[in-house]
Structures are given as structure tokens and as C-alpha cells.
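Heads up: the protein sequence lines correspond to chains A and B, in order. At position 314 of the first sequence (counting the first as 1) the number is 314 in my numbering, and the numbers step up by one without a gap. In my numbering, each residue's number is its place in the second sequence (first place is 1) plus 396.
Please note: incorrect hints may appear among the correct ones.
[Unchecked claim] Some chain A residues judged to face chain B by a derived CB distance under 8 Å, without partners named:
no. : residue
1   : T5
2   : V36
3   : Y224
4   : I239
5   : R241
6   : K347
[To be verified] Over the 10 Å line for every Cβ pair with chain A, so calculated as not near, a few chain B residues:
no. : residue
7   : L432
8   : C435
9   : Q466
10  : L477
11  : V590
Rather than coming from a laboratory, the hints here were simulated on the basis of the structure. All C-beta atoms in this analysis are idealised placements derived from N, C-alpha and C, irrespective of residue type, glycine included.
Here is how the chains run, residue by residue.
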Amino acid sequence: MKTSTRLGLILLLAVALCDAGLRHASAPKVAPVALVPEATAEAQACTHYRVVREGLIPMPSGVPAAHASSLVAFAQTHTLHTQKALAAFWFAGTRESGADVQIAASTFDRKTQAWDAPQWVVNRHTVGQDLGIQIRRIGNPVAWSDAKGRLHLFVVATGLGGWAASRVVHLTEQAPMQFKVVRTLPLTALVPAFNTSTLVRTVPLPMADGGAVLPLYFEIGIKYGVAVRLNAEGEMQSITRITQRREVLQPTLVAHSPTHWSAFMRDYSPTEMVAHSETLDAGAHWQDVGNLSLSNPGASIAALRLSSGGLMLAHNPAGRGREVLLLSTSANQPLSWTTRTLMDGVKADEYSYPTLIEVPQDPATPHRLPDVWLSYTHMRQAIAFKQLRCAAGSAK
Amino acid sequence: MNGLDMSHAVLPQAVLLPVWVTFSWALVVSAVVLRLTWCFKATVWPAAVVGVVMCLPYTDATGYLALVFQTPSLVLVAWGLWCWADVLQQRDPVVITPAPIAGLGMLLGWALVVDTLNYWPAGLNPQLYALGFESAGLWLVLTLVAAVLLRANVTLRWVFSAVAVLAVYVLLRLPTGNVWDALLDPFVWLALHVQLWRRWRASRVA
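Chain B extracted, bound-state conformation (with noise of 0.2 Å):
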């Protein structure tokens, strides 16, 4: 290796971890709180005191969340981000998901899968989760998110969120130092599934 390697895994400081675990689950959980009370009262009071308990450092609720799901990715985050800002700022929630974009998340999901269980077929080893901490697998997402921007209409707000969550990424490694960790876990991956799926639902209705 040398100083032009650009395959050595960075990963996130250790000392941001606990903070973030802490930070990341009680948004995460204050923020579907709110999408399932929002529905009943326009009250944002029992997510705020749900995401405030959990940062007290005597519950310990995120840390028995991190026991079962480890962290939530990057992209949980911005989505609980704007379930707290569509509702603060009294708009409706919105999926900004491009379709293509929703695909590729969905199969990349189903390729980690095949990686994790060692699945691949005889002779062909891609070592996909490794790629993730590498550079390669940083510049391929980015540039897909680039043919997306320039093929698919796309709104600012998915624009934004796109690059906030590669820009922490990068500056950060949260949430484990893996793009494929910053960018899916398993309930990410299920609402992928979920949107696509409304969608080809929808394409046969009309």
C-alpha cells in the first residue's frame, strides 16, 4: 500500500460511536412515534418526550435496540430528520425516492444477502461488503447517483438528502465505516420492497 491506496478501510472515530447510537435510534424511534400519532392528533408531544427519554442515559433504550439491530444507516436518519421537519414545518410526508434509485437499494440489499451467506456461485468471489469500505464502492454509488440526477427528475430535497448522507459518510464514516452500512439496513431495505412494490401495484391499476 501506499499513498495513492484508496482501498484501506476508514472508520468512524470510536468516540463518536456510543453518542451516536444514542442520538441515531432516539430520533429514529421519536420520528416513527410521530408518523403513527400524527395520524390520530396533531401533537407532537408524545414523539418528543419518547426521543427525549431515550437520550437519558438511565433508560438505556437505545442500547437495547443496539443489542438486536446494531445502528440504524444514514439514510433512517435523514428519514427520521424529515418526518420531524414535514411535520414542524406542517407539510405532508412526501416519498422522494426515485424508482431507479429504490431498484438498485433493493438489489444491492439481495446481493449482501448472497454475500453474507457465501453464496456466490464457484470462481466468483466479489467480496461485495468488502468493496463497501473502499473508495471503488464510494465512486460507484456516487456515480450512479450522478445518472440518476442527469437521466431521472429528480427534486431538490432528494438532491439534498443524497449528498448529506454521502457527504457524512465520508466526513464521519458513520455509521460503521461501510457505504453499503451509511446507505441500507434492514428496515430501509423493506420499505424499499414496500415502495417498489406500490408502485408496480399502481402501474397495473392504471
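So that you can see chain A by itself, here it is in the shape it has in the complex (with noise of 0.2 Å):
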């Protein structure tokens, strides 16, 4: 054997034992099964959710074009758990996609039972300086909260090339509602793509350990679902394809029990329903199981897993498209729909782009069950919301 054949193979195998003790070192401690709290019997005999709050939370002075909001309730660790209750994020300007855009921010005050004046939290320069890299545009922003309650940001950054050349930019909180670029989110290869055309857009599935698992798509004229897990910390740990369909976009996760997990997703195909994949070992490997019995006219979907421990899914039909805005409820399993309408308008209404989370009433009552906050996209020039009580007489 020559001398640097020996030399080679002695160095390669230090490099292996070298990655092994690295690995060994950051391995996660805690086993990656979905957060599903036990649902009491009072909590599932609630059938039926009322809308006791709604309007449009406050738009930034000037700017005429807003979409793609997203929620996160602060956590009981958080600085402003106590004032509080919930913040809202998506992108606002001039239009989609405009130079101008950035992401802004309201927080809905306990207090007042009111949206706060919004603020600017992120625009494109500030994400450029901190990554040494050009950002032309920026767009759909979703929020999560971690195990310390510090909130993260992850938002929609594209290249050259409009959304295809998309990429997902990791933000963190510096200071209560202040954030900072981590880095951008390694989603795909850089053979052939760069690292492009992946976007994110609905709210992480969180974990027991503190961590979530964050939906996210690829979309360059084949669109397919992705999960990326993150650890209590909010790190990648991981990515996995959820979907061999190729038409199919922005997935939206839900917990039937720790290790059961679906993704429901938007459809781009003639069939015009909601797509479904499940996985039965916590996010390890995922099965297309066909279409749920809802339609879907190629719109952003947005599902829940509820407190009482059924599900809900706020979604547009086929037919009518955007300017309906619907809110389905099903028990876990076996799905079964029921469907009611929340907003009704006409040709070119739109309400667009739900989104669903849960929210405590009040800290001091934690045994009444949570509120439901919906916030979709009004007529692409603000964020509407709505916020559903457990009906009087549905539970105790």
C-alpha cells in the first residue's frame, strides 16, 4: 500500500470518528413525538364554536396591500405573556411582491381587548446586511414560539426570479418583538437549484420537547410539501419530503396522537380537493392517502387540532374560490366534516390565506377551554380576524 494511500485512509477515518463525537455532542435528548394534550370530557362535549370577536387588525399607515398573516399566542415565559395575549405577522406595501414590502407586526392587547398600532419588524435590508446577501424581495411570514417562549420568525426571501427563486430566512427575537437574521434555511441542493424555490407559509405542529415541525413547500412549477423539525431552539434537525404528488402545495399539520400525524395541503390540480398525507412514526415516513371529501380551488388551507380534541380547517371551496372563506370541524378519527361559511362575498372578494391557532382566554382561568383566533387575508388590502369561543351550552 503506498504512503498516501495510508495517509488517506488513517485521515478519513479520523474525519468519521471526528464527526461521530461532533454528533454525539448536539444529539437532541428528547424523543420528536407531537404536543397533544389530553382532551378532558368537558372539553370534548364542545360541538360548536362562536365568533364573539372580529374586524381587520390595524394596517400600517400608507400601504394599500397586505396577505399572508400568521399567529402565535406568547408563551407564559415571554416577556409580554402579561399584557398580551397573541401577535399577528404578515407581509405589507405596495403590492405583492413589491420592492416595498416588509413584514409587519400587531400585538392584540389583554387590556384593551384591542390590536395594538402595528410596527415594522422585518424588511429586506436589514435581512440582506445580516445574511451578506442581496434579498430583492421578501414575503410570507410564519411565526412559532419555542420552548423559552422566545418567538422566531421564518420568512419568504426570494433571489432573482420572483417566488421560484425563493428561499426561507430564519429569524429570532433580540428583544420582545425584535428580530434577527439566524441564517437562511438549508431546504434544497444547491445542485441544480441554489437553494431556491422553497417557501414557507403555515404555522408549525409543536412538539413534546419544545420543538415543532415546520411545513414548508417547493413550488417551481412541480409543488410538493417538505416538514423541516426544529429542536427546542429552534434548529433544523432535519427535513423530509411528505408528499410523491406533484402538484400540491403549502401543507398545514395536524396531530391525531403523538406519533400520528396529517398534512392536509393546497391542490393545483384538475381535482381541485384537499390533498392528504399522513405519517404513522412522527414525521420518520409519510404516505399519500388521496384527497379529503373538502374542495379546494387552489387556496392556502389552514387546520387545527383542537383542545376538545376534534380538528378544524378553514378553507375556500372549488366553484366559488376566494371570495368564500369556510370553516370545516371533524372529530379526529375517522374524518368527517362539517362545514359552515364565515365569509360570503362576491366575484373578486377575497378572503384568503387562514390561519388558525388556539389562544388561553385568560391566564388567570387556565381550565376554560382556549379560543380559536382565525386570521385570513381581506380584499389583499388588510388582515381580518375572528376569534370562536367553545358555544354556550356545548360545554360546561
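Take the two lone chains, each set in its own frame, and fit them into one complex as the hints suggest.
Structure below.
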């Protein structure tokens, strides 16, 4: 054996041992299962939600366009928790994909029971400066609260070529509602696409270890969903493709049990039905399981597992499209949907891109069922919200 | 997951990334300029000036390159370093990549194309890009490199380059935390195609 060969083999072995040591040092400590609260008998009795508050979230002045909102509840450990219940994030500017688009945010005040004046939290110049990369446009934001209650934002940022050249930038909260860039998430290979064409839209699925599974999607002609596992600090742990279909995007995740999850996806095919994939091993492997019985006109959807144990889905119907916003509920398993109309407009109206989260009613009364908060794009001009509460009589 | 878990991703330190973007692109572009200008005049100054200017904060030239191409692979950066080393030590540039490695690199690139476009046959869903974040991906590369070391006649320079690239990847996880991104970018992939095509053409002439 030549000296160079012998030396090379020894060095390769050293590299392998070094990798094993470093990975061992950074290995996550907790099993990756979803957080699924036990539904009490009282909670299970809740079968109907009524709207207790609704309206528009205030827009920054002089800004005509808004789209793609995301909601996040402040955790008990967050500095703002005693004053604010939740925060909304969305992109706003002169138009979608405009150079002046920024991420706006507003918080819901517990005392006044109203949304605070909006503030700008992210713009493309500061993102580019922090990354050392020029950013042409920014778009969809998604917010998440980690195990320590610190907020994270995942924001779509484009290079050359519009949304097809999108990358997802990860930011974390440095001070209350002030964000700093961490990195561009590595989601597709440099070959062939220079890590482009991946976007984010829907809220993460919370995990038992304080981490989350962030749903994302690839979109450049071909469209499919992927899931990124985040640890309790928000660091990316793995990435998994969740479908073998090539015309579905914007997955929204719900957990039926700690290891049995579903991904419902926006359908871009002529079928126009909500697409469905599921995993039985906590996201290690996914299978396509056809479509839900709910139609979908190629519009974003939002799903939520309720504390009552059931599922809720906000969506637009095929045929009418984004002028109608529906809310469907189902028992956890088997899925059987009951649908009601939330918004019914006329042609060219738009009530789209919904987001659903649960927020505790009041920190002083943790035994009460949490409220469901829904936000959505209102006419592409503002972000609307609805606060839904378990109807009196359907739960004690 | 537990302490023995080798499948989780380890990403580069965020603080390294802006520095890496600036210096890696400055090195690669200056090496390209060096190779182009050296043919006409044996001077390093144009390439050196380009490299330094690209590192200056106000030009933001590397930021625009990163806008389109994000980051070069470690292999491309190693190529840039060898370009400079060859010129400074007055050696002729040489192709050192063994043909089996070039062939495997080309195939890996095509497999990543299929993976990115989600065009694996139904029932086969290998999650190839995700594998690059795991130890299994790195160990696969290490095994293949070891096999080439044992079977092919490789130069000491290639051995050191391969080990250095893999060691930098393991220690710093640059450029993205994924071993495929450390080895391949579209420029390297294209160069591997050209190298293999030239070998094939030369073998036909011979």
C-alpha cells in the first residue's frame, strides 16, 4: 500500500470519528413526538364555536396591500405575556412582491381587548445586511414560539426570479418583537437550484420536547410539501418530503396522536380537492392517502387540532373560490367534516390565506377551553381576524 | 432521538455565514480572473485587485453573487485555493480528480436533480438531500473515497484536497450543513461533465 493511500485512509477515519463525536455532543435529548394535550370530557363536549370578536387588524399607514398572515400566542415565559395575548405577522407594501414589502406585526392587548398599532419588524435590507446577501423581495412570514417562549419568524425571501427563486430566512427575537436573522435554511441542494424555490406559509406543529415541525413547500412548476424538524431552540434537525405528488403545496399539519399526523395540502391539480398525506411514525415516513372530501380551488388552507380533541379547517371552496371562506370541523378519527360559511362575498372579493391557532382565554382561568383565533387576508388590503369561543351549552 | 442519534442535522454557526459568503466568493471569482488573465500576461495583480475589492464592504459584490448562487461548495473553494497556489509556486494547473470520483459526482448531481424535482418512481422515496445532513451521507462519501484510494492511482494532492474538504465540512459544517452541498455546486457539477466528456473524447481519439 502506498504511503499516500495509507495516510489518506487514516485521515478519513479521523474525519469519521470527529463527525461521530461532534454529532454525539449535539444530539437532541427527547423523543420527537407531537404535543397532543389530553382532551377532558368537558372539552370533548364542545361541538360548536361562535364568533365573539371580529374585525380588521390595523394596517401601517399609507400601505395599500397586505397578505399571508400568521398568528402566534405568547407563551407564559414571554416578557409580554401578561400584557399581550397573541401577535399577528403579515407582509404589507404597495403590492405583493413589491420592493417596499415589509413584515408588519401587531399584538393583541389583554387590557384593552384590541389590537395595538402595527409596527414593522422585518425588511429586506436588514435581512440582506445580516446575511451578507442581497435580497430582492420578502413575502410570507410564519411565527412560532420556542420552548423558552422566544418568538421565531420564518420569512420567504427571493433572489433573482420571483417566488421561484425563494429561500426561507430564519429570524429570532432579540428583544420583545425585535428580530435578528439567524440564517437561510438549507432546504434544497445547491445542485441544481442553488437552494431556491422553497417557501413557508403555515404554522408549525408543536412537539413534546418544545420543538416543532415546520411545514414548507417546493414550488417551481412542480409543487410538493416538506417538513422541517426544529429542536426546542429552533435549530433545524432534519428535513423530510411529505408527498410524492407534484401538484400540492402549502401543507398544514395536525397531530391525531403523538406519532400519527396528517398534512392537508392546497391542491393545484384539476381535481381541486384538499390533498392528504399522513405519517404513523412521527414524521419519519409519509404516505399519500388521497384527498379529503373538501374541495379546494388552489388556495391556502389552515388546519388545527382543537383542545376538544376535534379538528378544524379553514378553507375556500372550489367553484366559488376565494370570495367564500369556510370553516369545517371534524372528529379526530375518522374524518367526517361539517362545514359552515364564515365569509360569503361576491366575485373579486377575497378572503384567503387563513391561519388558525388556539389561545388561552385568560391566564387567570387556565381551566377554560382556549379560544380559536382565525386570521385571513381581507381583499388583499388588510388582515382580518375572528375570535371563536366554544358556544355556551355545547360545553360546560 | 438519543445520544447515539446520528441522523440530526448540524448546521454551521450562524456567525460564520456572512464571513464565509464574502471570502468564498471573493476567492472563487479572483481564481477565475487569475486563470483567465494568466493566459495573456503572467501577473497576479488583476485577480488580486478583484479579490480585495470583493471583500470591501461597500461594494457588496459577493452579496449579489449570493443573491443568485447562494454559496460555493467547499470543492469549488478548494479549486480556487489551488489556482492561487499553482500560480504563486509557478506550477502548471493540473486535473487531479480521478475519473471514478468525477463519474460519481456527476451521477450524484443528476440524482439530486431528480430528488429536488420529486421525480423518484412511485414507492421509492429515498430523501436523498436529507441524507446529506446525516452521518450516513458523510460515511457513504468516506467509504467511496476510501475505495477510490485503494483501487485507483491518485495523487497526494488529491488525497489532501479530499481530506481537507471533508474535514472542513465536519468541523465547520460549511457551507450549509449538508455534505452534498460541500461537495457539489452547479459549477463543479458542470466541470465534472466537461472533464468526463474530454476523457471520453480522448479515449475515442486514442
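Check your understanding: Of the hints given before, which are not true for this structure?
Key -> 2, 6 and 9
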